[in-house]
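Participant: For reference, the chains in residue letters:
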Amino acid sequence: MIHTLTELREFVTQGVLVTDVDLNILTWNYWLEIHTGHPSAEVIGRNLLELYPELAERGYDEVYRQVLAGEFVMLAHRFHKYLLPMPAPGAGAGVFPYMQQTARIAPLKREGLVSGTMTIIEDVTERVAREAELVRQVTALQTLQEIDQAILTLELDECLDRIAQGAARLADAPLATVAIMENDRIILAPGQGNVPPVIEPELLQRTAVKRAINSGEAVIINDLHALPQAERPEPLDPDSRSLAAIPLLVNGAGVGALLVESAQAGAFDRHRQELLATLATRAAVAIDNARLHQSLRRSEEQYRQLVETAQEGVWAVNTRSMTTFVNRRMAEIVAASPEEMVGRPVVDYVAEDEIEFAEAVFRRRPLGKPERFDIRLKRQDGSQVWVNISVASLFDESGQYVGHFGMVNDISERKEAEARLQASEERLRLLVEYLPEGVLLLDSEETILLANATASDYLPLLGAAGEIGGKLPQLGGQPLAEIVAATATGGWLELAWGGESGPIFQVAGRLLPAADVSRYLLVLRDVTHESQLERQLRQQERLAAVGQLAAGIAHDFNNIVASIILYTELMLLEKPPGAKTNERLTTIHRQAERAAHLVRQILDFSRQSIIQHKPVDLTLLVEEVVTLLARTMPANVRLEFAHDNDHYFVSGDAGRLEQALLNLAVNAQEAMPEGGTIRLGLSLYEPEEAEKALLPEMQPGSWIKLEFSDTGPGIPAEVLPHIFEPFFTTKSPAESTGLGLSQVYGIVRQHGGHLVAANLPGGGALFTIYLPFLAVGGVEQGLQAGLQETPHVAPASPPVSLLLVEDDPVLRQVLLEMFSEGAYKVLAAGDGREALQLFAEHGDEIEVVLTDLVMPDMNGLNLYQMLQRQAPELKVVLMSGYPINDETQALIEQERLHWLQKPFTVEQLAEKIRPEKE
Amino acid sequence: MNLNEQQLDALAELINIAFARSASSLSDLTGQRITLAVPEVKVCSIHELGTLLGEFVEGEVATVQQFFSGGVAGHALLLLNREGARLLTDLLTGDTSPSRQIDASAAEVLTEVGNILLNACLGTFGNLLKMHISFSVPHLHLDALEGLIRTLVIADEEIRYALFVYTTFQVKDSSVSGYLVIILGVTSLEKLIEATDRLG
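Read top to bottom, the protein sequences are chains D and H. Just so you know, we're using my numbering here: the first sequence kicks off at 1 and counts up by one. Just so you know, we're using my numbering here: the second sequence kicks off at 919 and counts up by one.
These are computed hints drawn from the structure, not numbers from a lab. Every value quoted in this text rests on a predicted model; they were computed, and no experiment measured them. Ideal Cβ placement from N, Cα and C applies to all residues, glycine included. Just to be clear, a hint being listed does not mean it is correct.
[As the list claims (entries may be wrong)] Keeping only pairs whose Cα atoms sit at most 30 Å apart, straight-line, the calculated DSBU-like set for lysine-lysine is: (1) D:LYS109 / H:LYS960; (2) D:LYS378 / D:LYS614; (3) H:LYS960 / H:LYS1109; (4) D:LYS415 / D:LYS378; (5) D:LYS81 / H:LYS1090; (6) D:LYS109 / H:LYS1048.
[Unchecked claim] Reference excerpt, derived from the structure (chain D facing chain H, CB under 8 Å, subset only): (7) VAL73; (8) HIS77; (9) ARG78; (10) PRO97; (11) TYR98; (12) THR102; (13) GLU126; (14) ARG127.
Isolated chain D (complex conformation) (with noise of 0.2 Å):
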């Protein structure tokens, strides 16, 4: 057993010492031999303190005591180094001076109570070396870790100078650096230690440095002082004994080097070359980084400038729509700051109703099609702008949409100035469209460019077809090169198409010059109505002319043929009947009489004839010349009145109107040699106001209109303007004077009427008299005074006291010859001061002044005015062959004149003037 322990204690690689309870050593085993260089034989059995006497210097006694107290004991390698001084085996030998220990001390038993001591020893020196390597180890590891961590900053500087304090903690170095290549010259990290910030050209060929960055090998001098000078680099701190320049290469070119001096040799043994070498491949990629990060921050800077100060928005939106960047320019298109806008959805700025609008794009944006369009956004304060806006996607490496940027243009003002000209255009549009004449714009081609309704109405008519960008050769007939030329100067040309009674048509041309092409601008005014109002108009004034010079000679032909009619029939109630001379005294009355008829026929054509207006049942007045006519026409001729049986008044001269049938009735006649129908009617005509048209002349209303048709042959065309036209006539001039139509023209006008004449689809003529109609109080009014009138037609009885005033003495003479054949007894004056004169006189007698109207000083009616103070119940006769004006037509409306037209018979002067009172 104990010999197995002995045998167990010499096997162990540990070192055995067991003592008594003196520690005496009774044990010593092989190790401790070797180690201690005891042989056991010469240490057994000796003290330990007495063997080795440092152990109760360090205090070991204590633990010995304390052992044998009966505590174990543990002594570790950490704090107590050895316990028993042996030298260092192995590798250890250079780094410790004695061999590293753990020992454990633990007390020996015997029957309960402590006998001795064992203390094992352990060499733990390979050990300990093992775990300072490591710690090393892992502290370089540590140390580049946090280097890497250190020098990962994209500052450029600042990772120069982590890299060169990183280099001088690693080498546990006083001086490091990190030197840049720059043109010729090498700047240098502050770094660790006394570093200038460049060296200059004149040193650079002689540094380290230098030869590492072209060589690209590390450059390492354990001992500076061991080469020669020739050989040696410049250090940058001229007490440097060790220098290491390890070269930074990126993509195998050198960019610089990392520079660690030491003022020790051998500063650099290999685990500290590795450490910087590892360092320097790590502060390449850093640096590399740090300038790529720098001109990509130049570059980056350079596209923030641009970008800000660009005069466009520019607006960076995320995949959520939401903004992430917006420059100044943006920001004050919509009256907002960036730092308002970032983190805002796009949606907030935009006008309401395009919101949806832009949400579409939003949803488009992923395919990555760019767009342009113009939208309106909302200003912080709420008003809106229109903008136009240029979207391009964004897409990272993979090609994942990662949101999209807008470019932004305000575009207020073109799109008001856009606004203000269309607003412009369209009223130029509208006028040009409502433009009562035609417009037409052409191209030197004759195309049309452009044509108004108006025109496009118009050309129809004109014979031309009214497309737009169809041709125009011609206009009514006429080349259009021809109507361009003939109106360049200005002025109207006049086209008509379709004959006669086709529409006429009036054109303006003007070219209008233009850089490029010429184009032509016609205007068309339809005057077709204006025509035919100018062609009556012109009718009327020739008719007036006519009228007028009628009128002229009428009073002198009146009294000249008044003289003949009455000398006549004074001759024939002298002359006894029956003689040849009888016969031609008649014919010479017949022809005066018909004289007179003819001058009556041109007043009333011409409208000078005195009207007697008063109401007229203008159906019983058709009625009673129907009856007339039945009796004096053919038997071949029928007559037909259709009415409805209505009293139709109209206020006029009864005697006007029945001549005015009568002269239709005779053309009528006339133009039915083999015989017909004449059919007249009675209506009620109102026109509306649209149908003003049909007769232009004519107010809107209540009219009587009496139609007059015959079944003749009608009226050829190129009569028909000319009918109404005193002295025209188809016949010879042996069968009519041309005055019948014309004298019924005048009577109808000067009632107020209108007559039309036209032919029927069927033959025939027909002539349409409207006459306004006479409300139903004006009738009344009108039937009482002519009911008192109508009494007088008795012939005279008693002798009547007449004055005569005369100016013509041959008139007077007759006259005067024609009363003293009746019961009559006359003064006669010349004038009207004579007359005065002999009413002065005889005023009481005389019961009727007869006097002519036209007279020189005093005329008729001025003498009726004195006459009129002195003697207002007095009969006042005015006879006059001259129209009368119409202060003396009123007078006489008012029935306080009489009225007698020049020529007169005998029958129509003694019905005249007879005394009012009995």
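Position chain H relative to chain D; hints supplied.
Facilitator: Here is chain H on its own, set in the frame of chain D:
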């Protein structure tokens, strides 16, 4: 078994004495001023140990364990969490480069420190009880807390208690906390309490 306040105070006083001796030894050893804070003492059933320790540490723990026998017998251990163990090693050895792991040298350091502390406490108890106590070789164990608790709570014929002492090492400006745990059978504990009662 419940101890009254007086008994606990007496125990604390005893441990204070032992700690003062340990602190002195450690100060001598390291050349630094090391203090051990006035400990808080608890007595609990071994079954409560897991819960109590669980509040203090989790994951891996470092324990220096020593069995003792004689007049009283039991199991003594200094328990530190892993980080505390590492830090204490660095503090005591004055190591400036902080180690990432507990290497063999560090384990030896912890073993020696634990040995000093446990020797002091158990020695004090032995003196009090006037009994001789034998110690086993101290061992450092690195283990998960659950594993440790399992080995400690292995059923035994005797009901066992733990004397639970919260311990703080103060070195320079730093401090490391741990627990000193002495597990005793009911008989040993009664003996100890009786002895402390006599002190009073």
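Participant: A separate judgement is required for each hint: does it hold in the structure or not?
Facilitator: Hints and how they fare:
no.	hint	result
1	D:LYS109 / H:LYS960	34 Å, violated
2	D:LYS378 / D:LYS614	82 Å, violated
3	H:LYS960 / H:LYS1109	17 Å, holds
4	D:LYS415 / D:LYS378	16 Å, holds
5	D:LYS81 / H:LYS1090	23 Å, holds
6	D:LYS109 / H:LYS1048	19 Å, holds
7	VAL73	7 Å, holds
8	HIS77	6 Å, holds
9	ARG78	5 Å, holds
10	PRO97	18 Å, violated
11	TYR98	16 Å, violated
12	THR102	5 Å, holds
13	GLU126	11 Å, violated
14	ARG127	6 Å, holds
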